[in-house]
Amino acid sequence: MPDPRLELRGVTKSFDDVQVLRGIDMAIGQGEMVCLIGASGSGKSTLLRCMNGLEPVDDGQVLLDGVDIAEPGFDLAPIRQRIGIVFQSFNLFPHMTAFDNVCLAPRRVLGETDGALHPRVEALFERFGLASHMRKYPDQLSGGQQQRVAVIRALAMAPQTMLFDEITSALDPELVGEVLDVLRALRDEGMTMVLATHEMGFARELADRVCFMDQGVIAEEGPPEAIFSNPKADRTRQFLASILR
Amino acid sequence: MSTRRAAYEARQRRRANMIAGVSTFGVLALLLVLVPLAPGWQAVKASFFDGDVFLRTFPGLLQAFVLDVAIFAWSVPLIFALGLAIALARGARNPALFPLRIFGAVYVDLFRGIPVVLLVYLVGFGIPGLGLPRPWNSPYIWGTVALVLTYSAYVAEVLRSGIESIHASQRNAAICLGLSERDTMRHVILPQAIRRVVPANMNMLVALQKDVALLSFIGPVEILRQAGIYKSLLANFTPYVAAAIIFLCVTVPATRYADYLLNKDRNARS
Numbered sequence: 001m002p003d004p005r006l007e008l009r010g011v012t013k014s015f016d017d018v019q020v021l022r023g024i025d026m027a028i029g030q031g032e033m034v035c036l037i038g039a040s041g042s043g044k045s046t047l048l049r050c051m052n053g054l055e056p057v058d059d060g061q062v063l064l065d066g067v068d069i070a071e072p073g074f075d076l077a078p079i080r081q082r083i084g085i086v087f088q089s090f091n092l093f094p095h096m097t098a099f100d101n102v103c104l105a106p107r108r109v110l111g112e113t114d115g116a117l118h119p120r121v122e123a124l125f126e127r128f129g130l131a132s133h134m135r136k137y138p139d140q141l142s143g144g145q146q147q148r149v150a151v152i153r154a155l156a157m158a159p160q161t162m163l164f165d166e167i168t169s170a171l172d173p174e175l176v177g178e179v180l181d182v183l184r185a186l187r188d189e190g191m192t193m194v195l196a197t198h199e200m201g202f203a204r205e206l207a208d209r210v211c212f213m214d215q216g217v218i219a220e221e222g223p224p225e226a227i228f229s230n231p232k233a234d235r236t237r238q239f240l241a242s243i244l245r
Numbered sequence: 246m247s248t249r250r251a252a253y254e255a256r257q258r259r260r261a262n263m264i265a266g267v268s269t270f271g272v273l274a275l276l277l278v279l280v281p282l283a284p285g286w287q288a289v290k291a292s293f294f295d296g297d298v299f300l301r302t303f304p305g306l307l308q309a310f311v312l313d314v315a316i317f318a319w320s321v322p323l324i325f326a327l328g329l330a331i332a333l334a335r336g337a338r339n340p341a342l343f344p345l346r347i348f349g350a351v352y353v354d355l356f357r358g359i360p361v362v363l364l365v366y367l368v369g370f371g372i373p374g375l376g377l378p379r380p381w382n383s384p385y386i387w388g389t390v391a392l393v394l395t396y397s398a399y400v401a402e403v404l405r406s407g408i409e410s411i412h413a414s415q416r417n418a419a420i421c422l423g424l425s426e427r428d429t430m431r432h433v434i435l436p437q438a439i440r441r442v443v444p445a446n447m448n449m450l451v452a453l454q455k456d457v458a459l460l461s462f463i464g465p466v467e468i469l470r471q472a473g474i475y476k477s478l479l480a481n482f483t484p485y486v487a488a489a490i491i492f493l494c495v496t497v498p499a500t501r502y503a504d505y506l507l508n509k510d511r512n513a514r515s
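Those protein sequences? They're chains A and B, same order as listed.
In this text, residue positions in the first sequence follow this note's numbering: the first is 1, and each later residue adds one.
In this text, residue positions in the second sequence follow this note's numbering: the first is 246, and each later residue adds one.
None of these hints come from the bench; they were simulated from the model.
Since this is a predicted model, take the numbers as computed values, not measurements.
Think of the CB as a built atom: it goes at the ideal place given N, C-alpha and C, for glycine as much as any other residue.
Treat the hints with caution; some may be incorrect.
Listed next, the in silico SDA-like pairs over lysine to any residue satisfying Cα-Cα at most 20 Å (straight line) [to be verified]:
#1 B:Lys455 to B:Arg249
#2 A:Lys136 to B:Arg440
#3 A:Lys136 to A:Pro119
#4 B:Lys455 to B:Ala503
#5 B:Lys509 to A:Pro119
#6 B:Lys509 to A:Pro94
#7 B:Lys476 to B:Phe492
#8 B:Lys509 to A:Pro138
#9 B:Lys455 to B:Pro498
#10 B:Lys509 to B:Ile411
#11 B:Lys455 to B:Ile490
#12 B:Lys455 to B:His412
#13 A:Lys136 to B:His432
#14 B:Lys509 to A:His95
#15 B:Lys476 to B:Asp295
#16 B:Lys455 to B:Pro444
#17 A:Lys136 to B:Val451
#18 B:Lys476 to B:Gly296
#19 A:Lys136 to A:His95
#20 A:Lys136 to A:Val109
#21 B:Lys476 to B:Val289
Restraint ranges, calculated between C-beta atoms of paired labels, are given here [claimed, not checked]:
#22 A:Ala158 to B:Glu409: 43 to 51 Å
#23 A:Gly10 to B:Glu409: 45 to 53 Å
#24 A:His118 to B:Gly358: 47 to 55 Å
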């Protein structure tokens with residue numbers, strides 16, 4: 001692999017007495033799409049939150065383009081513009097319209113003026129089929145629409161890497177598709193992406209690599225075909241058997 | 246045209262309304278009969294419910310009430326500005342701002358812990374006693390300052406509870422977009438927190454409007470003081486009843502409005 005965009009070396013993380021990550025090593029290349037799968041509590045979400053510094057790691061390195069952002073005391077604010085994250089529960093700001101949700105960070109952090117920002121944001125809404133909804137407040141939108149706004153909000157900062165934390169898990173089944181379509185579109189344009197997901201079909205179809213996490217370690221990783229059709233580790237087999245039943 | 250269920254419920258409602266009407270009427274009638282039977286009723290009626298005195302003093306009292314409203318009006322912005330500053334000071338995380346945090350905690354403890362009337366006396370008499378030049382020795386100013394000190398401490402606590410009620414995921418989302426702590430507070434947390442505590446603050450305003458009358462103890466001729474003057478002049482307590490009615494005309498609608506907001510908020514979130 002050429003110089004990875006994001007690389008983790010020996011990352012560990014505990015909450016009180018519970019060791020959630022027990023030494024994670026992984027590298028994510030430019031334009032690669034990696035899916036993290038595994039049972040609830042296996043450490044997928046925590047791993048994603050360590051990748052953008054939302055959770056400080058206890059030990060190990062998180063290298064973004066070769067710079068260790070896990071260094072204690074490292075100023076993460078400039079880094080966060082380069083890594084976008086979307087959460088399971090959308091976390092839109094309820095007191096602002098969808099449009100203002102998206103505009104806030106570019107205006108305050110990047111210092112963009114409305115003249116340049118508004119057409120750019122309107123184009124993003126247009127592209128993801130939400131142009132007619134951008135003046136609405138989050139509680140006037142369906143879950144799927146809210147989640148697409150959350151993706152747009154992250155994309156408006158022009159990140160080079162995107163993290164997705166089970167972004168379809170809180171949606172009604174009929175709304176999952178529209179959100180996955182957004183991910184497909186991002187995949188097509190070569191965005192570097194890491195997803196924690198329970199959408200096995202989706203992971204199998206689009207991921208470059210699938211990492212199966214269990215009890216804070218990556219128990220098995222490889223191309224989706226290998227993981228889903230021919231898992232090597234017992235734990236992987238058990239997990240897949242339990243969910244594909 | 247109505248279903249069996251609707252007909253049944255209408256019948257039940259009619260029955261409930263009738264019982265409520267009869268029992269209310271009974272209690273009222275009893276009061277009207279029993280109270281005048283009390284041995285001192287004639288004296289009380291003459292000194293508290295004198296129609297002539299009421300009509301003669303009402304315009305003057307209403308005029309004096311304008312001063313209450315004025316004191317209320319110019320203390321409200323000060324209370325909210327100071328309350329917000331104290332709430333933010335108490336939440337400061339930067340170690341360099343630790344003294345601010347301590348100051349905020351002491352401020353709230355101090356001014357919430359002293360009875361309002363005592364603070365009105367201490368500030369209203371104490372500070373003009375320093376021999377300040379006019380107009381800075383006016384009890385009107387320092388009495389208002391006492392109200393601002395007390396109520397800003399309460400408002401600070403209300404706002405702080407509002408800030409703490411905003412879920413951490415909102416802050417996380419803002420931080421992950423690269424927003425600074427300051428921008429996160431200003432654009433994401435505070436607007437939601439302030440909206441959430443509007444009903445609680447409405448109740449605070451109702452209490453403040455009543456407590457303005459405490460300034461009568463240190464000088465300004467507001468409604469309570471004016472009522473006292475009329476009482477001495479006419480040897481009759483009716484002006485106090487008139488003053489109470491004037492207060493109720495303002496505070497009852499305001500309380501109802503606060504309740505309405507509170508209910509609306511509860512329904513919106515459930």
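Checked hints:
{"no.": "1", "hint": "B:Lys455 to B:Arg249", "result": "violated, 51 Å"}
{"no.": "2", "hint": "A:Lys136 to B:Arg440", "result": "holds, 19 Å"}
{"no.": "3", "hint": "A:Lys136 to A:Pro119", "result": "holds, 18 Å"}
{"no.": "4", "hint": "B:Lys455 to B:Ala503", "result": "holds, 16 Å"}
{"no.": "5", "hint": "B:Lys509 to A:Pro119", "result": "violated, 37 Å"}
{"no.": "6", "hint": "B:Lys509 to A:Pro94", "result": "holds, 17 Å"}
{"no.": "7", "hint": "B:Lys476 to B:Phe492", "result": "holds, 18 Å"}
{"no.": "8", "hint": "B:Lys509 to A:Pro138", "result": "holds, 19 Å"}
{"no.": "9", "hint": "B:Lys455 to B:Pro498", "result": "holds, 14 Å"}
{"no.": "10", "hint": "B:Lys509 to B:Ile411", "result": "holds, 18 Å"}
{"no.": "11", "hint": "B:Lys455 to B:Ile490", "result": "holds, 12 Å"}
{"no.": "12", "hint": "B:Lys455 to B:His412", "result": "violated, 35 Å"}
{"no.": "13", "hint": "A:Lys136 to B:His432", "result": "holds, 18 Å"}
{"no.": "14", "hint": "B:Lys509 to A:His95", "result": "holds, 16 Å"}
{"no.": "15", "hint": "B:Lys476 to B:Asp295", "result": "holds, 12 Å"}
{"no.": "16", "hint": "B:Lys455 to B:Pro444", "result": "holds, 17 Å"}
{"no.": "17", "hint": "A:Lys136 to B:Val451", "result": "violated, 35 Å"}
{"no.": "18", "hint": "B:Lys476 to B:Gly296", "result": "holds, 14 Å"}
{"no.": "19", "hint": "A:Lys136 to A:His95", "result": "holds, 11 Å"}
{"no.": "20", "hint": "A:Lys136 to A:Val109", "result": "violated, 23 Å"}
{"no.": "21", "hint": "B:Lys476 to B:Val289", "result": "holds, 14 Å"}
{"no.": "22", "hint": "A:Ala158 to B:Glu409: 43 to 51 Å", "result": "violated, 34 Å"}
{"no.": "23", "hint": "A:Gly10 to B:Glu409: 45 to 53 Å", "result": "violated, 36 Å"}
{"no.": "24", "hint": "A:His118 to B:Gly358: 47 to 55 Å", "result": "holds, 51 Å"}
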